[in-house]
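Going down the list, the sequences are from chains A, B and C.
First residue of the first sequence: 1, per this note's numbering; consecutive thereafter.
First residue of the second sequence: 1001, per this note's numbering; consecutive thereafter.
First residue of the third sequence: 2001, per this note's numbering; consecutive thereafter.
One or more hints might be untrue.
Claimed, not checked - Far from chain C, some chain B residues (derived; all Cβ distances over 10 angstroms): (1) 1018; (2) 1028; (3) 1035; (4) 1043; (5) 1058; (6) 1072; (7) 1086; (8) 1095; (9) 1099; (10) 1104; (11) 1115; (12) 1132; (13) 1138.
Unchecked claim - Here are the computed distance ranges between Cβ atoms for each label pair: (14) A:260 x C:2273: 38 to 48 angstroms; (15) A:203 x B:1104: 27 to 37 angstroms; (16) C:2164 x B:1101: 50 to 60 angstroms.
If you're looking for bench data, these hints aren't it; they were derived computationally from the structure.
Positions of the beta carbon are idealized from the N, C-alpha and C atoms, including for glycine.
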Amino acid sequence: MVTWLNNCYLRLLILSLAVGSAGFFSVVRAQTPSTCLDCHGALDPPLQVTPAQFAQDIHSQKGLTCASCHGGDPTKADLDAMSKAAGFRGKIERKQIPELCGHCHSDAAFMRKYNPSLRTDQLAQYKTSVHGKRLAQGDTKIAVCVDCHGVHDLRPANDLRSKVSPLNVALTCSRCHSDVKYMQGYGIPTDQFAKYSASVHHDAMTVRGDLSAPTCSTCHGNHGAAPPGTDSVKNVCATCHVFQAQMYDKSTHKAAFQSVGLPGCVVCHSNHDVSHPTDAKLGTGPEAVCMRCHKPGDVCDQARAQMLGALKNLDAAVKAADATLAAAESSGMEVGEVRTEQDQGHDSLTKARVTIHSFQTSLVEQDIQAGLKIATKTQAEGRAALAERDRRRRGLGLSLGIILVVLLGIRLYIRQIEGAPGKGNAAV
Amino acid sequence: MAADSSSQPQPPRRRIVELLLGGGLLASFGSFIYPVLRYLVPPPVAELGGDQVVAGKAEELKPNSAKIFRFGSRPGLLIRNTDGSYRALSATCTHLGCIVQYRSDLQEIWCACHNGLYDLNGRNVSGPPPRPLEVYDVHVRGDEVLVSLKRGA
Amino acid sequence: MFASVRAWIDERFDWAALTAPLREKSVPAHKLSYWYFLGGITLFLFGIQVCTGILLLLYYRPSANEAFESVQYIVTRVQFGWLVRSIHSWAANLMIFTAFCHMFSVLFLGAYRKPREVTWITGMLLLFLAMGFGFSGYLLPWNTLAFFATKVGTEITGQVPVVGHSMMVFLRGGEDVTGATLTRFFGFHVALLPGLTTLLLLAHIALVQYFGMSAPPRVEARWKAFPNEAREMKFFPNFFLRELMAWYIALGVLGALAAILPWELGAKADPFAPAPAGIRPEWYFMFMFQTLKKIPAKLLSVDGEVVGILVFGLAGLVWLLLPFFEQAAGKRGRRMIFGAGIFALSYIVAMTIYGYLAK
């Protein structure tokens, strides 16, 4: 009987070993057989690449192996896999990385087999970028493909966990560009990420969840990353802020800024820490931008003051109408339709603020007047609603008065027909 | 005082009470009937504007032009195509809610706020808008252009 | 002038005989007589509901596309539409409140006892119908809160074992709450429920007239021992005049509520939008809703919600047949019923308050 039991346990052991190793091999086998990960999965960084990590990689999911980039023979075990004869390259040198990636990614015919809609000009663009140019001059600190995209757990850009997904781009760039020690000697500031994080564009992305909001690559390009020149930064902003750019183009400021090499929009709005513009920008306080160049009392100062005054006027009118509508609504009046008109009033304020970029008071006045018309109308409708409410209350007062008279009449009549003030005693 | 009023009939007082009661009752009935009578008279504007609206007159728009109209509490965009037929969509941009406009030069719908573009089927083709515009049904009845929500809404 | 009209009628109808019961009707006069008002006020409010409801019917459209807009139209464009609509909504709540008070006062004053058992049953059925009116009417403006409250309410109905799903499909006119539900609820609200209510009301009032007004047991006992202390008040005109005062006060209250606290319109229901926070049923369902929320998910391996529903169903049935339980319990019956009444009232009040505070 003991033998039988032993036999049973032994069978169980063999069975579990078989199942376990089959499982182990099947996990590894799912990714295309690769003995590299057998060792490298157990090593310490920087040589560590675990199967779990590599399973996340888009290249691995498409069927590529370690040998696709590093060469060698993935079917051999141990150090035989890293045979020079089989083309083993070991760690790729930094300055060779772009060409290595480009070997596939710039080959349109090759990429068509995997994802026909992927672009294949990344390497060409990279060569025009600041990063690419400096790499060609021998700078190996500069960013190459793997610095932004990652290497063994590389995800496509539309994967939100990817280092180059719109949500993460700024963070990825900041790994070098905010590192003061790393950036020593390059002569550019390292506060861009800090400034951008405080900006309204960053806000749009992270708080409002608007993935179309601009991040570093939107204005600087991704593979062809370079700062836009001072004469072209306006064009960059114009891709979204069309009207402001059009008006600026027709305005006096364009020629003026160009002649002294000032970069258009950035002068008043800055580049990285673009904050939500307020009317204070038109004022004379610390946030004022006009008075940085213009002299108090000159023609432009007067125009500025006029525009600011008109804006304040409209703002006050819209706010007043808002308050009246809110009062009407809270006392129970239906003002839904008026609110839709009032939305147009709010829009007119936005429109007027855009028109400021023409720097012509007449144009701004036009928008202000249109807005004031709406605000006056909605204010009147709000007041009408309040007047109607008062009419209802007066009507209520009247009816309540009549009801009181009736109640009094009934009371007296009861007393009359029953005699003594009733304890409920009835007249017989 | 209690015993007095019933043992000594006082006609004037009686009459006052009866007048008070009768008059009060009549006045109260009047105050109920008056609103009801006013209520029964149909208001001048008979249409609700929820299901279907008259977006415009048939010959109001030239081909390859558009107008904004009110659809309930939302803005709508009525476009007359180059072949004379009509289409209507929601005019609220799906990005940040600005009112879109028709660009006859591009024959596409454009949002001035951040340069978003939609094709004539409302699909968001370029720029920030994340979703297409809602499309409405359009019928021409006589000389009126009627816009309604899509069947099965 | 009245005399000649009277004469004309007398030549055709035996007016005196027809009106004799009314002229002779009397009401026991004691300290608790004012509680007798509650039935009349509930009837009066029902009458107001019928009148304002008919007026609303002239402009309301019961389709998902137009319901909200038609109510908006009534409230903004129709002359005094706001008044009719707000009175209808407020009186609905007031009516259910007075119906509950009437039921509890009948219970505590012992007016359900023999021979008035059938009156009690018709009354309880009327109470259920009133709550049905409330539930079906609430959906009709087709705003967000109403839509989701109906969704949750019918969902709970679907939890009843065996027949729940069929009941839910019957109520909803389908698997989900859609325009079909609205049309169906409209049919319930303006045709089915009024029809049933009219029949039951006629029965209820006829029974009340037939049996006369009861006096509470203690008063009855006292008057039995000391017959000269018994007091009666004639219904016409004395009691009725007092009741009329109560009715006018109710009218004043309704008018004030309509003008100062008008009933909200809300936003049009969007079935595809997520449910907003804070959906809750109307206050008269709150105690049941809150109970179901607080019952643990599983009770002895049965789904907690199902247990809750079954308990309430059972409670409703017991309440319906209350007079018979008293008879079965003999001497202690009255005290038991009284105790049950105190418990039920406290539970309802407490759970309703809890439901509102626990937001």
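Any Cβ of chain C at or closer than 10 angstroms to residue 1095 of chain B, or is the non-interface label fine?
Given a closest Cβ separation of 19 angstroms, the condition holds.
Interface exclusion of residue 1035 of chain B relative to chain C, criterion Cβ beyond 10 angstroms
The claim is violated: residue 1035 of chain B sits with its nearest Cβ about 4 angstroms from chain C, within 10 angstroms.
Mind checking the hinted window 27 to 37 angstroms against the Cβ distance between residue 203 of chain A and residue 1104 of chain B?
35 angstroms, holds
Non-interface label on residue 1086 of chain B, tested against every C-beta of chain C at 10 angstroms:
21 angstroms, holds
Verify this label for me: residue 1043 of chain B is non-interface relative to chain C, using a Cβ-Cβ cutoff of 10 angstroms.
5 angstroms, violated
Determine whether the non-interface label on residue 1099 of chain B survives the test: each CB of chain C must be over 10 angstroms from its CB.
Consistent with the label, residue 1099 of chain B stays out of reach of chain C, its closest Cβ about 21 angstroms off (over 10 angstroms).
Would the non-interface assignment of residue 1132 of chain B survive a Cβ cutoff of 10 angstroms against chain C?
About 15 angstroms separates residue 1132 of chain B from the closest Cβ of chain C, which puts it past 10 angstroms; holds.
Per the stated criterion, does the least C-beta distance between residue 1018 of chain B and chain C lie above 10 angstroms, as a non-interface residue requires?
Since the minimum Cβ distance to chain C is about 13 angstroms, residue 1018 of chain B lies beyond 10 angstroms and the statement holds.
Residue 1115 of chain B and chain C, when compared Cβ to Cβ, separated by more than 10 angstroms
It holds; residue 1115 of chain B is separated from chain C by about 29 angstroms at its closest Cβ, greater than 10 angstroms.
Does 50 to 60 angstroms hold as the CB distance between residue 2164 of chain C and residue 1101 of chain B, or does it fail?
53 angstroms, holds
Quick one: work out the minimum CB distance from residue 1138 of chain B to chain C and report holds if it exceeds 10 angstroms, violated otherwise.
17 angstroms, holds
For the hint 38 to 48 angstroms, verify it against the beta carbon of residue 260 of chain A and that of residue 2273 of chain C.
54 angstroms, violated
Of the numbered hints stated above, those contradicted by the structure are hints 2, 3, 4, 6, 14, listed in ascending order.
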